[in-house]
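Number 204 in UniProt numbering belongs to position 204 of the sequence shown; there are no gaps in the numbering.
Treat the hints loosely; a few may be bogus.
To be verified - Cβ pair distances, simulated, as ranges:
#1 Gly203 <-> Ala164: 15 to 21 Å
#2 Asp161 <-> Tyr118: 42 to 48 Å
#3 Phe96 <-> Lys160: 38 to 44 Å
#4 Asn84 <-> Glu62: 29 to 35 Å
FYI, nobody ran anything at the bench for these hints, they're computed from the structure. Remember, predicted model here, so these are calculated numbers, not experimental data. Idealized CB from N, CA, C, for every residue including glycine.
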Amino acid sequence: MVREIRYIRVRRGLCWPPVGWSVSCSLALSVVSSSVPFLPVFQSFYPRTGLRNMQWLILGRETALTIGTITAIIAQAMGELTINLSVGGVFTENIFYGHLAVASGVSTILSLPLILLYDMAQERSYCATVLFEVIWMLALVILWVVTGVKTTSVTGGTFKDCSAFSAPTQATLFGLCGDAQTLVLFSFITAGILGAYALALTGVAVSSASSGKSIWTHYPIPGAKKH
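Given the sequences, and given the hints that come with them, work out the whole structure.
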(Lines of atoms letter the chains of each structure in order from A and count residues from 1; the text may use other names and numbers.)
(Lines give C-alpha, C1' and ligand atoms only; values in the text may rest on other atoms or scores of the structure.)
Protein backbone atom coordinates (compact mmCIF):
# COMPACT_ATOMS: atom_id res chain seq x y z
CA MET A 1 0.00 0.00 0.00
CA VAL A 2 1.08 3.52 -0.68
CA ARG A 3 2.10 5.29 2.50
CA GLU A 4 3.59 8.53 1.26
CA ILE A 5 2.92 11.46 -0.99
CA ARG A 6 5.22 11.47 -3.97
CA TYR A 7 6.02 14.49 -6.07
CA ILE A 8 5.46 13.34 -9.57
CA ARG A 9 6.90 14.99 -12.61
CA VAL A 10 4.72 14.69 -15.63
CA ARG A 11 5.84 14.73 -19.23
CA ARG A 12 5.73 18.49 -19.59
CA GLY A 13 8.21 18.84 -16.78
CA LEU A 14 5.77 19.75 -14.06
CA CYS A 15 4.92 18.00 -10.85
CA TRP A 16 1.71 16.91 -9.12
CA PRO A 17 1.24 17.78 -6.30
CA PRO A 18 3.50 20.87 -6.49
CA VAL A 19 6.09 21.66 -3.86
CA GLY A 20 4.48 23.59 -1.06
CA TRP A 21 1.09 22.14 -1.81
CA SER A 22 0.04 20.26 1.33
CA VAL A 23 -2.36 17.59 0.21
CA SER A 24 -2.43 14.15 1.74
CA CYS A 25 -3.61 11.50 -0.70
CA SER A 26 -1.96 8.59 1.05
CA LEU A 27 -5.20 7.46 2.71
CA ALA A 28 -7.12 7.45 -0.57
CA LEU A 29 -4.29 5.66 -2.34
CA SER A 30 -4.04 3.08 0.43
CA VAL A 31 -7.76 2.36 0.21
CA VAL A 32 -7.60 1.99 -3.55
CA SER A 33 -4.50 -0.19 -3.43
CA SER A 34 -6.02 -2.51 -0.84
CA SER A 35 -9.58 -2.65 -2.17
CA VAL A 36 -8.92 -2.97 -5.90
CA PRO A 37 -7.05 -6.24 -6.52
CA PHE A 38 -6.58 -5.60 -10.22
CA LEU A 39 -5.04 -2.12 -9.76
CA PRO A 40 -1.49 -3.41 -10.48
CA VAL A 41 -2.69 -4.51 -13.90
CA PHE A 42 -3.58 -0.92 -14.77
CA GLN A 43 -0.44 0.41 -13.12
CA SER A 44 1.68 -1.78 -15.36
CA PHE A 45 0.75 0.49 -18.27
CA TYR A 46 2.55 3.41 -16.65
CA PRO A 47 6.26 3.93 -16.05
CA ARG A 48 7.59 2.50 -12.82
CA THR A 49 7.60 5.85 -11.08
CA GLY A 50 5.33 7.70 -8.69
CA LEU A 51 3.33 8.82 -11.72
CA ARG A 52 1.29 5.62 -11.76
CA ASN A 53 0.24 6.19 -8.14
CA MET A 54 -1.36 9.57 -8.81
CA GLN A 55 -2.30 9.28 -12.46
CA TRP A 56 -5.67 7.75 -11.62
CA LEU A 57 -6.60 10.83 -9.60
CA ILE A 58 -5.74 13.18 -12.43
CA LEU A 59 -7.44 10.94 -14.96
CA GLY A 60 -10.54 10.60 -12.80
CA ARG A 61 -10.89 14.35 -12.47
CA GLU A 62 -10.54 14.98 -16.19
CA THR A 63 -12.92 12.13 -17.01
CA ALA A 64 -15.60 13.30 -14.57
CA LEU A 65 -15.54 16.88 -15.80
CA THR A 66 -15.49 15.83 -19.46
CA ILE A 67 -18.36 13.34 -19.18
CA GLY A 68 -20.29 15.77 -16.99
CA THR A 69 -19.99 18.39 -19.72
CA ILE A 70 -21.20 15.96 -22.40
CA THR A 71 -24.25 14.84 -20.41
CA ALA A 72 -25.03 18.47 -19.57
CA ILE A 73 -24.98 19.35 -23.28
CA ILE A 74 -27.51 16.60 -24.00
CA ALA A 75 -29.79 17.64 -21.13
CA GLN A 76 -29.55 21.30 -22.10
CA ALA A 77 -30.47 20.41 -25.69
CA MET A 78 -33.57 18.59 -24.43
CA GLY A 79 -34.56 21.70 -22.50
CA GLU A 80 -34.12 23.87 -25.59
CA LEU A 81 -36.24 21.48 -27.67
CA THR A 82 -38.95 21.50 -25.02
CA ILE A 83 -39.14 25.30 -25.06
CA ASN A 84 -39.12 25.46 -28.87
CA LEU A 85 -41.74 22.74 -29.36
CA SER A 86 -44.02 24.32 -26.78
CA VAL A 87 -44.34 27.51 -28.81
CA GLY A 88 -47.85 27.88 -30.18
CA GLY A 89 -49.74 26.46 -27.23
CA VAL A 90 -49.51 22.80 -28.27
CA PHE A 91 -48.37 21.89 -24.75
CA THR A 92 -50.34 23.84 -22.18
CA GLU A 93 -48.64 22.57 -19.00
CA ASN A 94 -45.87 24.42 -17.20
CA ILE A 95 -42.55 24.05 -19.05
CA PHE A 96 -40.47 25.52 -16.22
CA TYR A 97 -38.48 22.28 -16.21
CA GLY A 98 -37.26 23.13 -19.71
CA HIS A 99 -35.97 26.52 -18.58
CA LEU A 100 -34.31 24.88 -15.58
CA ALA A 101 -32.55 22.44 -17.89
CA VAL A 102 -31.24 25.28 -20.04
CA ALA A 103 -30.00 27.25 -17.01
CA SER A 104 -28.33 24.19 -15.46
CA GLY A 105 -26.83 23.19 -18.79
CA VAL A 106 -25.38 26.60 -19.57
CA SER A 107 -23.87 26.87 -16.07
CA THR A 108 -22.25 23.45 -16.42
CA ILE A 109 -21.13 23.76 -20.03
CA LEU A 110 -19.46 27.12 -19.41
CA SER A 111 -17.77 26.26 -16.12
CA LEU A 112 -16.43 22.70 -16.39
CA PRO A 113 -14.35 23.20 -19.56
CA LEU A 114 -12.99 26.45 -18.11
CA ILE A 115 -11.83 24.60 -14.99
CA LEU A 116 -9.91 22.13 -17.16
CA LEU A 117 -8.60 24.76 -19.59
CA TYR A 118 -7.39 26.88 -16.70
CA ASP A 119 -5.08 24.07 -15.63
CA MET A 120 -3.85 23.40 -19.15
CA ALA A 121 -3.10 27.08 -19.80
CA GLN A 122 -0.90 27.52 -16.75
CA GLU A 123 2.84 26.99 -16.89
CA ARG A 124 2.84 25.31 -13.54
CA SER A 125 1.82 22.15 -11.77
CA TYR A 126 -1.44 20.34 -12.35
CA CYS A 127 -3.78 21.80 -9.78
CA ALA A 128 -7.26 22.60 -8.67
CA THR A 129 -8.75 24.82 -6.01
CA VAL A 130 -10.67 22.36 -3.92
CA LEU A 131 -12.81 24.72 -1.88
CA PHE A 132 -14.13 26.51 -4.95
CA GLU A 133 -14.64 23.31 -6.92
CA VAL A 134 -16.48 21.49 -4.13
CA ILE A 135 -18.87 24.40 -3.57
CA TRP A 136 -19.48 24.89 -7.29
CA MET A 137 -19.94 21.18 -7.99
CA LEU A 138 -22.48 20.90 -5.17
CA ALA A 139 -24.33 23.92 -6.55
CA LEU A 140 -24.49 22.24 -9.97
CA VAL A 141 -25.62 18.98 -8.38
CA ILE A 142 -28.50 20.79 -6.69
CA LEU A 143 -29.47 22.44 -9.97
CA TRP A 144 -29.51 19.13 -11.84
CA VAL A 145 -31.39 17.28 -9.10
CA VAL A 146 -34.06 20.01 -9.03
CA THR A 147 -34.25 19.86 -12.83
CA GLY A 148 -34.65 16.08 -12.78
CA VAL A 149 -37.25 16.11 -10.01
CA LYS A 150 -39.22 18.89 -11.68
CA THR A 151 -39.22 16.98 -14.97
CA THR A 152 -40.38 13.76 -13.30
CA SER A 153 -43.57 15.58 -12.31
CA VAL A 154 -44.33 15.72 -16.03
CA THR A 155 -43.02 12.28 -17.03
CA GLY A 156 -44.99 10.75 -14.18
CA GLY A 157 -48.20 12.34 -15.40
CA THR A 158 -48.84 13.71 -18.88
CA PHE A 159 -45.77 12.10 -20.43
CA LYS A 160 -45.86 8.80 -18.58
CA ASP A 161 -46.39 6.83 -21.79
CA CYS A 162 -45.16 8.33 -25.06
CA SER A 163 -47.06 5.75 -27.11
CA ALA A 164 -50.25 7.60 -26.20
CA PHE A 165 -49.13 10.32 -28.61
CA SER A 166 -48.44 8.09 -31.59
CA ALA A 167 -51.10 9.71 -33.79
CA PRO A 168 -49.74 11.88 -36.65
CA THR A 169 -51.59 14.89 -35.27
CA GLN A 170 -49.78 14.50 -31.93
CA ALA A 171 -46.25 14.41 -33.32
CA THR A 172 -45.24 17.49 -31.32
CA LEU A 173 -46.48 16.00 -28.06
CA PHE A 174 -44.69 12.75 -28.89
CA GLY A 175 -41.46 14.71 -29.34
CA LEU A 176 -41.99 16.61 -26.09
CA CYS A 177 -42.60 13.33 -24.28
CA GLY A 178 -39.37 11.81 -25.55
CA ASP A 179 -37.41 14.95 -24.73
CA ALA A 180 -38.79 15.02 -21.18
CA GLN A 181 -37.86 11.40 -20.51
CA THR A 182 -34.37 11.92 -21.93
CA LEU A 183 -33.99 15.06 -19.83
CA VAL A 184 -34.81 13.18 -16.62
CA LEU A 185 -32.20 10.53 -17.39
CA PHE A 186 -29.35 12.90 -18.23
CA SER A 187 -30.18 15.32 -15.42
CA PHE A 188 -29.67 12.62 -12.81
CA ILE A 189 -26.61 11.21 -14.62
CA THR A 190 -24.98 14.65 -14.61
CA ALA A 191 -25.87 15.16 -10.95
CA GLY A 192 -24.44 11.74 -10.08
CA ILE A 193 -21.14 12.34 -11.89
CA LEU A 194 -20.56 15.77 -10.39
CA GLY A 195 -21.72 14.60 -6.96
CA ALA A 196 -19.29 11.67 -6.98
CA TYR A 197 -16.44 13.97 -8.00
CA ALA A 198 -17.30 16.50 -5.28
CA LEU A 199 -17.46 13.70 -2.71
CA ALA A 200 -14.05 12.34 -3.71
CA LEU A 201 -12.56 15.82 -3.66
CA THR A 202 -14.02 16.50 -0.22
CA GLY A 203 -12.60 13.20 1.03
CA VAL A 204 -9.09 14.22 -0.01
CA ALA A 205 -9.44 17.62 1.64
CA VAL A 206 -10.87 16.18 4.88
CA SER A 207 -8.11 13.57 4.98
CA SER A 208 -5.54 16.34 4.68
CA ALA A 209 -7.20 18.45 7.36
CA SER A 210 -7.46 15.51 9.76
CA SER A 211 -3.72 15.03 9.40
CA GLY A 212 -3.13 18.59 10.53
CA LYS A 213 -2.17 19.82 7.08
CA SER A 214 -3.50 22.61 4.92
CA ILE A 215 -6.56 21.88 2.82
CA TRP A 216 -6.07 22.03 -0.93
CA THR A 217 -6.97 25.69 -1.39
CA HIS A 218 -3.76 27.68 -1.68
CA TYR A 219 -0.34 26.96 -3.05
CA PRO A 220 2.64 28.84 -4.49
CA ILE A 221 3.29 28.74 -8.21
CA PRO A 222 6.68 27.08 -8.79
CA GLY A 223 8.88 29.17 -11.03
CA ALA A 224 6.45 32.07 -11.11
CA LYS A 225 7.93 35.37 -12.21
CA LYS A 226 8.27 37.95 -9.49
CA HIS A 227 6.89 41.35 -10.40
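Each hint, compared with the structure:
Distance hint for Gly203 and Ala164: a CB-CB separation of about 46 Å, inconsistent with the stated range 15 to 21 Å. In this structure the supplied range 42 to 48 Å holds for Asp161 paired with Tyr118, their Cβ-Cβ distance being about 45 Å. For Phe96 and Lys160, the hinted distance range of 38 to 44 Å is not satisfied, since their beta carbons lie about 19 Å from each other. Range check, Asn84 to Glu62: Cβ separation about 33 Å, and the 29 to 35 Å hint holds.
The structure shown violates the earlier hints numbered 1, 3.
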